[in-house]
Amino acid sequence: MRGRRVIMTSVFTGLSALWAWAPVATATPAAPLWVPGLAHSDHLNGPVLAEGSMYGKGGRPASGTVYAIAWPVQSTLAALKDGERVKTIAIAQAAPRADGGFKLRVDPSIPLKEYTEADGTINLSIRGGGADGLAVWAVSRRMMDKGKPTERWVEPGGGTSASHVPQRLKLQLGQAGSAALDGNVTVPLPAADKQMGCEEVKATYNQVVVAIGETYPGPHAKATFVYTNGQTSTLGVGVSASGSFGSFSQGGSSTSAQATTLQFPQKTYNSKFIYQSTFQFKKFHGYDPVFCVFDYGYEVRTTAFSGSVLGYDACCAPSTPYPSAVNIVPTHIIKHTSNAVNWSNGVKISAFIGIDLSSQTGYSDSAEVDFYFTAKGNLNGDVESGYPNSARVKGT
Amino acid sequence: MRSQTRARSLRLIAFATAIAGVVVLLGLRSQVGQNGPVPTTQPVTVEYEYAAGQPSTWGVSIPPPEGHVAATVTAVELQGVTGLDVVGIQACDTTVGGCSLVNAPGWPPSGIATLQIEGLSIAPTGTGPVYQILIGVSRRADASIGSATAVKVTYAVGGTTYEVVEPWTLRIFAPGAMPAS
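From first to last, the protein sequence lines stand for chains A and B. With the first letter of the first sequence counted as 1, position 10 gets the number 1171 in the working numbering; the numbers rise by one all the way through. With the first letter of the second sequence counted as 1, position 136 gets the number 555 in the working numbering; the numbers rise by one all the way through.
Don't read these hints as lab results, they were simulated from the structure. Predicted model only: the values in this text are computed from it and were never measured. Careful: at least some of the hints might be erroneous.
No farther apart than 30 Å at their CA atoms in a straight line, the calculated lysine-lysine pairs in the BS3-like style are these [to be verified]:
id, chain 1, residue 1, chain 2, residue 2
1, B, K571, A, K1274
2, A, K1537, A, K1248
3, A, K1218, A, K1242
4, A, K1264, A, K1218
5, A, K1307, B, K571
6, A, K1248, A, K1363
7, A, K1509, B, K571
8, A, K1274, A, K1309
9, A, K1264, A, K1242
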């Protein structure tokens, strides 16, 4: 293994010398690598795809390189078999400033069609590399107001609120949470083929159970949950340096959009129910986007919606202390689900990777919870401004 | 003669300047921003049965503005109104007497101290009272369903006027006509 590492480092050094323009250092494999032909974000004026800071040992700002790697649409990923290569593509790259801060902007010459879901969402891996190692964090973005002065990248889902502004990322090099990666060359992929990308499918997990909704109708109402065409779910991504069972940690999330409708049976009075469905996940082994040799570890991410109708009775309802009175009956209150409901362990995948991942149901104009009040009562919300601003509600 | 011409020219210039100023002011006043600090909430639809010609009250909470500055409401209006008469729009302070409601018989709703909606100051979360918009509606006799598809709230923050169209839908059915599910 050590001999192979030396050979690959030599190859890397040679190629670096050929690319005289590229500020590639050869001290460690994790030194800055620029993707040839991909514009640097500092030279672009487009909207920011992702921004954040990169830190090294001791929490100090780190220098190096940050890439945004786009994943093909889910239908493409779902069709891949174990052992096949994935046609990912680097769409943005930047160098962190002295304070570690970075902003990634998409190179406009990169065609994004085969990476863009029908609702405009693109799933990404943000990868950072520096002297202290590597880091990976998975995010999703959706272009809003394309072609207008207000054009910007937002969190996926159908909302228009400022609450969809993406959060800043924190890439911690060489630590768990953003993948405990050392940047060493392990077993490299075959010669870099830019048409095939630098990821490989290592395993497929079908019928992974995921929490997608909840209803607590109380004593005066019944509730119906509908998971509809166009609905999106943001599901956790597991990351690991070794890819072995028990080595994964949560490393961001990716977004899955559904093309079918699930109509769950109506739940009656005083019920507390968590709705579940199933998704396919795959484990990918990732490499650097330049040579496909430097190990960026493993990601387990959703690749398809399977669509089973499942669920269970919840032990208890969330705290919702802000009531709004329903004084006329019968009344329907049809509330569209919010991505603010986040189950930290909603993706039941621990049997495969050792931990469960988060799940979050997204905005949609056609996914809904229908509270049908047959007697006077209250719809209680979890925020002071009550309905319709609360993400979580229950009937009382 | 020459001084008369000059005075006339000055009057013309002054008049033109005044007109231009008025045009500019009107232009500034008519600029309404779409992406202000009051967010769009998730869509919600309220449906109930009520007799034609009888007023009822529909309530919805105003989402607090994001950031640290209060917003002042200047107007509220229903959009996409069909088969419905809007008989009044007021507000109430939900921290006083628990006025928060989804719906209630009559207009104005009994037992609730209502406030004028115009001029209401909406504070960011945790920095002031939460207000609810109370909308008095009456289904017309010739309509089996009275409906509105959205509520437009116009407000001002720091001298700039914004509007937000909230995706709040109301449908009022004739008694016995509303589907149970």
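Exercise. Any hints from earlier that this structure breaks? Give me their numbers in increasing order, please.
Key: The structure conflicts with hints 1, 2, 3, 7, 9, although it agrees with all the remaining ones.
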